[in-house]
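Chains as they are written, first to last, in the working numbering: chain A, 1 to 1696; chain B, 10001 to 10144.
If you're looking for bench data, these hints aren't it; they were derived computationally from the structure. Please note that the accuracy of each hint is not assured.
Which residues of chain A face chain B? A partial, calculated answer using Cβ under 10 angstroms [to be verified]:
{"#": "1", "residue": "S727"}
{"#": "2", "residue": "M728"}
{"#": "3", "residue": "V737"}
{"#": "4", "residue": "M738"}
{"#": "5", "residue": "R761"}
{"#": "6", "residue": "D765"}
{"#": "7", "residue": "H766"}
{"#": "8", "residue": "S769"}
{"#": "9", "residue": "L770"}
{"#": "10", "residue": "L800"}
{"#": "11", "residue": "S802"}
{"#": "12", "residue": "D1423"}
{"#": "13", "residue": "L1427"}
{"#": "14", "residue": "M1431"}
{"#": "15", "residue": "S1435"}
The structure displayed is predicted, hence computed values, not measured ones. Glycine included, C-beta positions come from ideal geometry on N, C-alpha and C.
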Amino acid sequence: MDEKPQHLKPLPSVSSPQPTGSPIPRMSPSPAPSLTHIAPRDFVARALGPRIAVIASSDANELCQTNNLPTFVELIKPFGELIEGKVSARDSQNLPISIDNFSVRFADLTQLEEPDHRAAFRIISDYVKAQSPDLATESLDCIRTKQDVSQRYLETNTDSCLVSLRILPPLKFFVLSNPANLDDLTPWYSEFRRLLFTFAGASEHETFDHPVAIIIAVSSANPDPINTLLRPYDPASPAPIFDKGFMDPNVLKYYVLIHDAHRTSIAHSETLFDKMKKTFGLHCHLLKLNSVMLPANLIRTSDPEKKTQENDDPFSIPSTPQAGTSPENDTIDNPRIRDIWAAQMTESHHIQSRLLSYAEPRSPRSSSSTSLSSNINASTTPFLIPPVPIMTSSTPTSAAFPSPTHSRSASASSLTLVSTSYSSISTILATSETPFQTPLQTPTTADGFLALHDPKDGFIEQGTAPRPGVPGDASAHNLGLGLVSGLPAPVVRYGQYLSDEDVEGLRTFVKEMVVHSVIPFMERNIQLWNEQVASARRGLTGRFFGVSRRFFGSGNKSPSPQSLQNVQAWGLNSPAGVTTISIYPHNAPEAQMRKLADYAFMLRDYRFAHSIYDVVKRDYYNDKAYKYLAGTQEMLGLCQLMSSSALTSKTDVDHSFELSVSNYLNRCKSPFYATRATIMYYEMLRHRKMYKEGPTALVRMTGEDSDLRSALFLEQAAHCFLRAPKSMVRKYAFHLVMAGHRFTKCGQREHAYRCYSVASRVFEDHHWSLVEDHIHFALGRQSYHLGELDAAVQYFLKLLRSSRQSAAQQAAYIREFLYIYKQYAAKQGKDPLIDSLAGLPIPAVNDATVRVVLSNAHATNDNEEAWLALEKELLEEDIEAGLYAGNRRRALQTLKQDDGRVLCAIGGLRMLFVLGHHGDEIEPVLVHIDVHNPMQVPITLNEVMLGCHHRISTEPEEQELPENDREIRMPLGTRLEAVLRDIQDTLFLSFGALDLEKVGEIILEPLQQKTITLRLIPRQEGSIRIRGLHYTLNALVHTFHPFHKHGKRLNDKAENRFNRVYAPDRSLDLHVTSPMPLLDVTFNSFPEVLFSGEVVQAVLEINNKGERGLTDLRAKMSHPSFFVIGKEEALGKPIYEGMANPSDSCHADEYELDNELFNPSVVPVLPHHTEDLPTMKQHVLAPGTTMRLPVWVRGDRIGKHVFRFLFTYQSEEDNNAISYRTLRCSKTTQVLPSLKINAFTRPSTKGLNEFILGIETENLQTVAEFELSQLSAASPSWVASPVTLNADPKFQDNSHMSVVITHFHESSEDQASKSTIPPRQTTFTYYRIRKIPEASQVGEQDASFDKQATLTPEQWTSTSLERLLRGDQSKMPPPPKIKLQLTNLSFVTLSFVHFECCNPDLGSMLCFPQTDDIIPAQSTPLDNFALTSRMQWRSASLTMQFPSTLLAKRPRNYFTLYGANDIDLALYWRIPNMQRHGHHYIIGINLAVQQNPFQGSRALLEATAAPTRAMYEATTKERAVLVNSLTKNKYFKDESPVKVMVRCADVHAFDFTKSGLCIVPVLISIKNCAWNKTVNFSLEMLAWNNGNTSLQTGATRGPHYKSTTNVFPFHWSGATLRNGTLVPDATNHITVHACFQQAGVYDVNRWRLTINYANEDGATNVGAGASVEAAKGYVQVPNLPRIISVVQEAEEVPHS
Amino acid sequence: MGSSFYLVIVGSRDDPVYEADLGPSSKAPPVPEGTKKEESKHLNQFIIHSALDIVEEVQWNTTATYLKVVDKFNEFLISAFVSAGNTKFMLLHDTKSEDSIKTFFHEVHELYLKVLMNPFYEVNHPITNTHFDSKVRLIAKRLL
């Protein structure tokens, strides 16, 4: 076997885990001196260097064995590797070539043949597996993009190069200064490459492995050296290789005499040598060895048995080296000398033994158990002394051979076992049929020891197969011994008797032989063949010769007419099914040509070699000798690459290699040579830095036949892509992945893992989903198989996501993940159900939407804005109203509540005992979590529970807790016996400070989104941080998902704006406070449909479910005018039940009222409980109690309404965290139209400042018949009365003057018809409105400017406005209370109408009122309805009048609820047959003189309006708007405050015949109706106007109305101009006299009144008026005729 | 025609923006062995991804946006098209038809531009637009 020199040191490998089945010691690549640092070109030259066969006599071998080297070949092998100094040769032109680094390869003559390539590949596989990928992975980890390639990647390798330089002084010549030495990165590849060439053997198609020379060596101790030297050519034992005919036996023979200083004297040797020279000529050498003297006691230790055996078999491998452990053995241990052989020996024995075992393809594979048992047997055989591990860990050769199949821990102990027995163990290997095993017997020496290797690995399995004839156990045992006996013990001293001189002598011997014998011999041959064979071919004739030989078939001159011969296929490498192969005999010209070229190549004459190859190629092609052809093509390419000149054509070279490889593969079925060619090609490409071409060449050889090779080549290709002029990182990654795939297929798991993980860096973060899945899956599996379960779990976690994988694939992922996780947990000693696995990506939890909902909040998410608006209004209202003024702390807390935390109270402890019955009475906090299953397979979540952290402090958590998610375990609380029944599978666990709900199972369908709701019951005050979610996936993997939620993005600082900074989120931080009341509200018999105006009583049930008393319950309503919430005792009280009022039905009631504007939307339900009033206990709703309150609902507006009630309440105890709680409630009702009411007023003609009110009522219903029951009027100063003759006897005498009265002839039918409105009918009713005398009195008092008296509302408003304009900030006293006069006018004043529809069941509530029953308009619900309606109207009208001013925003400060002259009407009705009743309001009738609300000084207004400088422009603008709204408001037209009434008799009879002129007195009453202004008037009576005569009865309003009634003129007599002054509310009566000439109808309403406002002193004051018009004064003319009929009558009609 | 196509639009940061398996046209029977298809799906991504290296090399040697066949892997061919924004359109196919692929690329590019004009679309983010998807498939059916 031809060994190339190696310097491989096995290193201890116990530390790192081993892949299964690999007994190869771990080779750490960087410190290992190996061929890896030889330049590629040199490598090729060496691999194809001359081979020299060696035959040594047995005594020569024995001599070597004393040096622990089995044969002479082994002894000289290292020296052939490198011949120091330059060697010169001559080329074909006889020019000298100087050759650096010349080397020869020594091989035993018997081992020249090719080894079994399949076995070789398996050995290589083992070796590759042993290479640790650690270093490379590190340095490649950083490569992710193109930019990463250049610096670090290359630098890393320079470093490692330097490392090897330092370690390897002898080899430094070979270390290239190539900065990026690929071999350092991929030592397994260089190992592969080196081993592949180690297995070179003689093949027919090339001569590189044919011996150039044969060394015949004999020891000087040999009794007959000359004959022994001649013996190799004995016909009895020729080397079988020469039989085949393709190998030329005629080679140089070189005779060596070895002087054994132990045995013979130097003189003896020299005489022998002289004799040799005489016999054999020049090619002889005397080699002196064993100069170190043998210790005396060891001289004769060999036992005779050994001797005989060895003599019999000269080719045996005496592989039992001398142990250096024996105490007597005190030879000098020279490590330098020892190292020359150490690595090579170790490996050569490995390879030998493996080759042997693998090379038995037909032996049945024994199961591992068999081998195991046999091993056990082996270790218990009596041959073995109990094993003593003797190596020390410090020695590099203490190669461990762990057996990784069964247990890793055991591998440490099952190391190399050395038997120190001196007993002679003579074990003869059973000879096997294969020729290779024949020489592999195990000779033993008496003093030898056995290094025993516990053979549990794969190759032993084969080797231990039972063989025929040999008992299984014995054979296994023997083989085991035989195999391992070749292993050197760690302390074997190779060359222990060799001195430095001896080593030098060996070196000289090899050099001399090469320089003086081998090279000249080759040169001679080259010349010879060149002249004899090649020149004949080279010329034109030669070519023709070749052609003619083919075509003309005359084999005349050829030395061997039958050049190509078919011979029996032999050897181990012939492809299956091939029985014959074609060879050229060695003397055929084609073979000689090839040999010539090969010799030239060996002597580095590449150009010449190329020309020869080129010539001979044609012959091979023509002969269809494909293996020859392929070899030649390979060499052609190689020659071009090897020659120092520049490459002519890259494609040429590539083409020749491509042809070569495809020929090797397809035609010759010889992947070994194809691989070899590719490697050499690739090496040369590297040498020439043609990395771009590398992948093409390498990928060509990635067929299916060898996964290992493909994987290695793919990996090399990947690295080539990195080194290409433009690095291609993606290609690199892709090829790595492919390599990883192939590594997986051939079981090289570590390499597969490495490839995938390095490649994964490139694919990271690029969202190539399928690629990522593939890589993660591969990595997960590999790490699992490598035992790194942690990593495997992590990789599988990455697969659990939404992807484009099919459902089946995802299911497989999950299954595998669960399986691996189970194992992982078992290994880690974790309970997968309790210890959580961090980062489980399924299901996807949406952290941002995790929300906490208190159970008392209604989970109505619709119209959240509306609710929030309500809440905000309420809060503002409260603060403004100073509700918190007395309790500042509380107010602050109310404001502070907005810190984003959730406040909740301790859940009811008390309720625990009754949980079973009142399951919902505890107060849990609900946490809603949105989860999503991204997978296409259903998943189950089990044991779902919140992860919470409780703190005593109530402050918000500032710092996030350190997230040690990995440590989090499933918390185990005590199980509560009381179980909520509403959800199956639910139980609560108690953790002291809180109880948590645990849901047994939640199933998520594929791609399903679901909201999980979990409950939490706080039990102690403090804070609870909801940190995450515990769940167990598929009942197997428990995990904890922490919630990472951030608050809103901060935007306040510049740095916050530049980065994304978020406020800490506090929405999951619960603030647990002391127990609180908990309100629950239900509405009973709430109407769904209402008529407009209808009033229905509903019942509001308030229930305190909390722990503390509930107080200060208020309701904020969205529709305040619809509701009145009454007192508890008012429940069931009829609304419209009249009280038996003894007084007159139209009696005006009087009551006082706060005249302040108020917010009707907030209604106190339960008044606030204060400590000061212990008697107010009834305002506290005790825990667990329920209160029923009446709620009256009135259909105020038509339409469909959603009523929102926001209840707020407080605890009876001060809770410093929660000031109040709220509850939301909403109801829906539709309001249908019922009555349409129009009201109008006009001045009454009957009196000054009296009005007639007309009400038009239309029934909009189609079926219902309405019955009007009562009209109520409420006003501070006005009362209403029916316009009837009977009803108002006061005006009876005047009734005939009224036009209206004609309608009012009272009768019972009339009454009925007026009060009943059939469907779709309209009715009119009329009332008179007049001022209350008392009120007038008051007004008069006011008019006297009695400031001490109560202010009228108008005064108050004016004053407050003035203050506003002045900028007076002081607080205005609230407006004075106002006294309202209530007039209730029943429609049915007489008792003749009775209704039978009274339902006794309903009690009196719906009972039709008795005749003299009146509806008490000031009773509970009605007064509130009236107020709220009034308030609503008032605020609406104010908003309309003063849009977008301060006044509209805060009307309360400037306006009153009622003006002095407001009158509100309420019309009560019922539908008897439907038993419905209700009322409508007519609001907003103001009978006062229209005036601007501001009556202050005009100068003030102007001053305010004038543009002033203000700090803010907005302030100025706002003021302008304000003033504008006061001065130029279209809603306020000042009109004259003075009212005039002309009164005279309607008919005046006068006897014109008696006296000529009829003089009639006309009373003119002038009244100043203003409340604050004194006016000066001047009344001018106008004369007859003979204008148009057409009679116009219609009232044409306007100041220029001219009466055209008068046909005949009439005149005023007396003074026609009167002046006067009127104080407010003063009346002046002036009597003028009209003078008529003849009978007729006259309009006496002819006057003109000019009015000016007066100062207090009565002088006309222009500047005092509020408006320009007022300043000018008013001119009034009559707008209605006042008709007087003057009749000619004798009879006097008395004037009234 | 039984050949299938695989289109990937790769953003300038190497992320796939859009992927479509433009299988054989409806005339051809669906591939019976689903497993084979599944297996090759990730391989397709690998091939396209590694071809990006070649695209990066080729795109600077020409002024054209259509780079023709840039790479091949076993029997697969990879055609590429580079937009002005360095978005790469990669098509994996197994039959040669330069012209139709060229028009295909141009039309898909046009569609892509429309997607880009959407103010809500961010460059280099996955295109989830179903309209785009169906349009691409339509073009593929018509041209490939």
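ask   = For this structure, which hints from the list above don't hold up?
value = Per hint list: 5, 10, 11, 12, 13, 14 and 15 violated.
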